[in-house]
Each structure stands twice: as structure tokens, then as C-alpha cells.
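Number of protein chains: 2
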Amino acid sequence: MTQARTNAFYAQSGGVTAVINASACGVIETARQHTDRIGTVYAGRNGILGALAEDLIDTSLESPEAIAALRSTPSGAFGSCRYKLKSLEKNRREYERLIEVFKAHGIGYFFYNGGGDSADTCFKVSQLSQSMGYPLQAIHVPKTIDNDLPITDCCPGFGSVAKYVALSTLEASLDVRSMAATSTKVFVIEVMGRHAGWIAAAGGLVEDHGIPVVILFPEIEFDEAKFLARVDAMVKQHGYCSVVVSEGAHHPDGTFLAEQGTRDAFGHAQLGGAAPVVANMIKTALGHKFHWAVADYLQRAARHVASATDVRQAYELGARAVELALEGRNSVMPTIDRISDVPYEYRIGVATLDTVANVEKMMPRDFISEDGFGITDKCRRYLAPLIEGEDYPAYRNGLPVYVTLKNQAVAKKLPAFALA
Amino acid sequence: MTQARTNAFYAQSGGVTAVINASACGVIETARQHTDRIGTVYAGRNGILGALAEDLIDTSLESPEAIAALRSTPSGAFGSCRYKLKSLEKNRREYERLIEVFKAHGIGYFFYNGGGDSADTCFKVSQLSQSMGYPLQAIHVPKTIDNDLPITDCCPGFGSVAKYVALSTLEASLDVRSMAATSTKVFVIEVMGRHAGWIAAAGGLVEDHGIPVVILFPEIEFDEAKFLARVDAMVKQHGYCSVVVSEGAHHPDGTFLAEQGTRDAFGHAQLGGAAPVVANMIKTALGHKFHWAVADYLQRAARHVASATDVRQAYELGARAVELALEGRNSVMPTIDRISDVPYEYRIGVATLDTVANVEKMMPRDFISEDGFGITDKCRRYLAPLIEGEDYPAYRNGLPVYVTLKNQAVAKKLPAFALA
Chain Y
1 MTQARTNAFY
11 AQSGGVTAVI
21 NASACGVIET
31 ARQHTDRIGT
41 VYAGRNGILG
51 ALAEDLIDTS
61 LESPEAIAAL
71 RSTPSGAFGS
81 CRYKLKSLEK
91 NRREYERLIE
101 VFKAHGIGYF
111 FYNGGGDSAD
121 TCFKVSQLSQ
131 SMGYPLQAIH
141 VPKTIDNDLP
151 ITDCCPGFGS
161 VAKYVALSTL
171 EASLDVRSMA
181 ATSTKVFVIE
191 VMGRHAGWIA
201 AAGGLVEDHG
211 IPVVILFPEI
221 EFDEAKFLAR
231 VDAMVKQHGY
241 CSVVVSEGAH
251 HPDGTFLAEQ
261 GTRDAFGHAQ
271 LGGAAPVVAN
281 MIKTALGHKF
291 HWAVADYLQR
301 AARHVASATD
311 VRQAYELGAR
321 AVELALEGRN
331 SVMPTIDRIS
341 DVPYEYRIGV
351 ATLDTVANVE
361 KMMPRDFISE
371 DGFGITDKCR
381 RYLAPLIEGE
391 DYPAYRNGLP
401 VYVTLKNQAV
411 AKKLPAFALA
Chain A
1 MTQARTNAFY
11 AQSGGVTAVI
21 NASACGVIET
31 ARQHTDRIGT
41 VYAGRNGILG
51 ALAEDLIDTS
61 LESPEAIAAL
71 RSTPSGAFGS
81 CRYKLKSLEK
91 NRREYERLIE
101 VFKAHGIGYF
111 FYNGGGDSAD
121 TCFKVSQLSQ
131 SMGYPLQAIH
141 VPKTIDNDLP
151 ITDCCPGFGS
161 VAKYVALSTL
171 EASLDVRSMA
181 ATSTKVFVIE
191 VMGRHAGWIA
201 AAGGLVEDHG
211 IPVVILFPEI
221 EFDEAKFLAR
231 VDAMVKQHGY
241 CSVVVSEGAH
251 HPDGTFLAEQ
261 GTRDAFGHAQ
271 LGGAAPVVAN
281 MIKTALGHKF
291 HWAVADYLQR
301 AARHVASATD
311 VRQAYELGAR
321 AVELALEGRN
331 SVMPTIDRIS
341 DVPYEYRIGV
351 ATLDTVANVE
361 KMMPRDFISE
371 DGFGITDKCR
381 RYLAPLIEGE
391 DYPAYRNGLP
401 VYVTLKNQAV
411 AKKLPAFALA
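Top to bottom, those sequences are chains Y and A. The first sequence begins at 1 in the UniProt record's numbering and counts up by one. The second sequence begins at 1 in the UniProt record's numbering and counts up by one.
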């Protein structure tokens, strides 16, 4: 247990979100309140790569205003990376390098902000530091739009994507409803979530607004005939309908809808996503005019319409991570523990990383309606509070004021290190 | 000149927008302030089709609150349609039918809310009513996200799309900047605008935020080698870049980028848009990992982040249309006349429909940078005030409160009418 004053290291990992910087803000602001115990907070430039390359950012050079502005800035302010450390056995060298860098810069606190893979890395770094006798407290700060971390009720980043998807589906559906008499009758929107349908499920929230919607989940094997019959029935009843398709929607043989063997004029493999495939299927079978959208990064970067619940939780989990470190905890992750749906109440709990690493939380089957094309009331009760509240960024000249930090590098002390 | 009290007819035409209902709100609220001169405002269900079919909506049955809520509701509250009346010579029958329906329901004011085609229809209806001796004042209310109407400085609907595109490009670009070290280096977003690059131009506003962006306009013939060289240079200089591609971007022979002969496994014509084509081109030539988005309806329905300038102007033009009618004007359209860029000042002017109908306003060449991939300062000065200001809708349970009207039909008085 670290009691002396020591520096901290913070890094962002994997796909960034609308609120991962809110967690960074929570970490840094809370650390700054404890200068007796925490010296400088260093950030890894481009995530854990910054630690491996000893490319550290000195966050103490950022003004309180700049750090506060992180709360309303999407993306990863220090850069993130897609780089998964191999197992300890296969690449012990990289783990040891991390410890060396931490040692060289007097770092006793390691805050790693990411999803399942980074929880695993965080866990291993913690184990290795113990076996090497280096005093390090490794705390994982949860983040993933995929909402697939175990134990925590939800993951920061997800609520804002869910709000974006529900909102976009609502707005586009009203548009289609206006046009359906003579023009577009089906609108297809493709959303993220290769393994789990949490994000696609959010599209189901528009049913409360009277919008007919059909959802294609990765959890449900695609049945073209059944799907087309459902769309046909919706259009016959309402005059129009919207389809929310997960990028992970797939055929019974496991191939994604997006991979249907499309080739361009030069024979290159298909270019499009699932949305155009589904839209074309509807056009061919039912003859309806369609429009389709692929939200892609827009959904996870949409800080302008972030969920206030999500922003608050992202901040709180970052802040709590620092408190856990100060309380002497190691190899843990703060969690959202839901107390009640209505009124929405939760407390911040804590999970040990051995129970988090390498466990994926899938969407329960009873969140998906029996026919597989919609969400249940249970799912609705789960999702509703997560999109609650607006937390608008400031605007200047018609666009949000998002901060770009100075990100000044710390002088290196070690020899260069080549990645495996 | 109508001096007696008479009813009014209002219809929405063509693709709907985030603010066309704000114009409807302006028309109806202003008409309700002049009950001495204007009786009931009838709306056409699904635009002009409602007039032809004598399917009129009685807007007097909607509460003041519901009408006020139109100001912050996207889409077309009464339904719109894509239906262009043929020339007077070719289908005089339809024009005469309109007059018959107006006569049957005591309608002396015709407010038509749309783009170039509807301005033309409005003009012809006005001419025919005069030649038939039926007292009708036809006023066109401008609306088009394409921003291509002449005389008026801008068109309601455009400013909000421009804001959405600039904002989305900004947010997604920050995301890519975070990921570029190990993952995505190029983000491609496809936007609307088949004939003119006004919407794509809005993506250029993010350059003020330090974002490297390459724009593909419909006005500039696509040159693959030059484009790839530009993207390559941007990525080399900044580590990443964003591409905003207009759906109207095309090769020198006129074929759209989206139509590059892609076939699916069944030989169906291509499914995707321009964005995946451009992204794949970059991947093939430069090897960069990419992400792409197609905003489609999301951009024109995005009332949640509408431009306050746009909402205000949409309302004002609707209101002014009614005043023009009360002033005895016929065959005119209220316009936005810009007085100055900074501070932004404008007044509401008026144009006669003979000068509006069938004239498309293209983007001036000096709004596009010399190399064809960006916007000029002149364009920036033009666009900046149009995206200025936020006008948030109210929210309930995490989603905007958008109104759905009762849209109760008026009893028919005429025999049915078959469309040609």
C-alpha cells in the first residue's frame, strides 16, 4: 500500500467515446485535490503505447480550465490506441518495460481507462508489479460503448451512444413518416456493436413515440423471410417503418450481413455496411423506396447530445478510481451498481479485476422480444435512465468548444524500446 | 386583392427539413393573429396531393401549444410529397382541380412551402387563378436544404444541415485524431447535395478548429490521382484527415462516385454510397485504415442541433408570407436579404415568383479553393452566421419532445379526382 507521495499514470485505451475525457477529468481533478499523496499525473500519449515508448505527457502543465473542459470534449484527449499486450508468458518483456517506465518516473498509481482488454492488461500489470516487488496500485476505469463489461450495471460511453441512436432514429423516422405517401417508406440505420446488441437495442426506445421499428440484433440469427414479413406488416400498418441494424447482425452461418460477397468493378471485396444490404433486400422483395444511414464514428463522438447520466458517471468513476487508490486498493475497478430503475438510483461500487478481465456481458435474452425484432419492457427500464438528461457543451461561432490540450512531453530517462 | 375574410391553404413540398415546421408555425400563428382577414388555415395532407385529393387538414383544431411546438419539431407535420405538377399545357386539369378545391373551401390564400419546383407550381397556380378569374393570392415560402433558390441569400433548412455537417465532421475528426497512431487514419463522411456543394462546403468550417479536411464537391470533376495525393499529404502532415464527400461528387464523364459498377453476389447494382467508394480508394492506394459514415436523413432531420439562425429565419419567412398576403401581394416569395456578414444582419425582402421559378443558384466558384478541395474565406464568411446559435427542443425521458398533430380531415365537398 502506497502511503508516500508518488506520481500517477493515466492512459486511454481502445475506441474512444463521447465521455472518456470526462473520466480523465475526474481522475486529474481528483488527483489535484490530493497533492499530499499524488505528485504529477502523467498521461500516456496514444494510450499504453506512450508508456511503452516512455512518451509521457505532463498533465500538470494544463490549466484547471483546460482540464475542466475535458468534461465536455469527446474523443481521447491524450490519444488512444488499439494495442493489446500479449499474455505475460508470451511477452513478459512489455510488462516489465511498463514497470521500468513507472519506476523511472516515480509512478505508483496506474489508472487505465478502457474496456475488457485493458482491464486484463491492468490486472496483469498489477500482478507483475507485485511479483517484481514494485509498489504499484493498478486501477481500471471502465469505458466502452459496447456496454459489455461484467459486474458494473453499465459502462461509460454507452449511455451517450444509446441516446444518439434513439434520437437519430426518432428524427429520421419522423422524416420518413412525412415522405411515405409518395416516396421513402423504409429507413435503415446501421449502428455499432459487433458482438452485442446493446446499442441497437436503444433504437427500440422510439417505440414509445409511436414509431414502428424493426431491430436486427447480433444475438439473433438473421432470418430473411421472417424479417421481410415483419417489415411488410409494419409498412402495411403504419405506412412506413425504420430498421435499426447492428453491424454485428449475421446469417446463421456466422457471416455478417455486410459481407454478402459484394465486389466492385475491379473485383475488390465489398465496400458497404449492413445498412445498404438490408435496404436493398427490402427494395428487391417489397419494392419500397428506402433511405439508409451509417452512423459509424458519429455515434460514439456525439458529445453535443451526450447523456447527462453518462457524463456524470464517467466523471464519478474517474474520481472514484483515484479515491480507491488513495484508500490503498489495488487491482480493482469502480462500478455502477444500480439500486432502482424508477427513480433511477445507483451507487459507485468496486470490483476486483480478476472478476472483470476476459468476461463479456452479453445482452440477456429477456431484453429482446420473443420474435427477435424488438426490445422488452425489462430492456426499456434498463435503458431509460442511461439516456436521461442533457449536458450541452459550450458553443462558439455555432460549433461546440472542444479543448485540445498542450500535451507536452516529459523528458525521457530510459533507452528506447522496440515493440515486439 | 382579397379584402374579405377568406380561408388559407398551406402545404409542405419535397424533402422535409429540421425547420420546415417552424415555417408552418410562423404561417399559422400569424394567421391566427388576423382572424378578421383569415378564417381557417387548412393544410394539405401530404403536400399538394392533399389539395388534389381534397384531403384537407383543419389546423384550427390544433391547440396553440401544439402549433407552438411545431417550431421545435423536425419533419413535415402535415406530410409532404414528391409530386411535381406538369406544365400548365400538359396537365391543366390538375391546376384547375386545385382552384376547384380552393373555391369549394373558401380558400383565398395559398401558402406553398418548398423548393424550386414548388415555387414554379405556386407561380402557375397564381397565373391560372387570375386567368380563371378566381381571387387567389399565392405566396411561396422558401425551404430547401440544398440552398439553391435564387434571390434569397439562404434557404431555411440549409443552416441546420450545415451546422450538423460541420459539427459531425468536427466530432468524428477528433475521434480519428485520437486513434490515428495505431488505427483509423482517414474518416469519410458522405453528405447530401446532388447538384450543388453547399452542404459539403459546411464541412470546411472545421478547418478553423485545426482539422485537416478534404472536400469533394459536385462542382469539381473528380480527379482520383490529385485527390489521393491531397489525402496522402494531409495524413503525412497531420497523422490523419477527414474527407467530406458530396453525394453529387462525380467523375469527368458525369457518373457519380457512388455508381462505380459495384455488384452484389446476385448481380444487383451497387448498394453503397460515395463514402465507401472513396474510403476503399484510399485504402487501396495508400493503405490507410478508414472509417466512413453516411449521414443521409439524419442530417436534414437533426432538429436537436438546429441552427438558431435557421429556426428564426424559417419562422420569420412563414410569418412574413402571411403578412405579404394581407398586404395584397400575390405570386411572391419572402426572402432573406443579407446586409452584413459581421455582425450578421439581414432583412426580410420579397421576390416575385417569375424570377424565382426554375432558377437554380449554384455555389460560386470563388467559394471553392483553387485546388478544388476546400472552401475560401469568402465562403466561410457566408456560412458562419448561418450555423450560429443553438435552439434546443425540450426533452422528456432523454429524448426531444416532438409534436405529432391530430391532423383531422375536413369533410369533402367535391367528387373524387384521379391523378393523371
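By construction, these hints were calculated from the structure, which means they are not laboratory data. Watch out, some of these pointers could steer you wrong.
Copies of the same chain look alike in the list, so a pair counts if it works inside one copy or between any two.
Said to hold, decoys possible - DSSO-like mimics (lysine-lysine), calculated; alpha carbons at most 27 Å apart, straight line:
hint : residue 1 : residue 2
1    : K283      : K84
2    : K86       : K412
3    : K412      : K283
4    : K406      : K361
5    : K226      : K236
6    : K378      : K226
7    : K86       : K289
8    : K378      : K84
9    : K406      : K226
10   : K412      : K236
11   : K361      : K86
12   : K236      : K84
13   : K406      : K236
14   : K289      : K84
15   : K378      : K361
>> I'd like to know which numbered hints this structure contradicts. Please list them from smallest to largest.
In response: Hints 3, 4, 8, 9 contradicted; others consistent.
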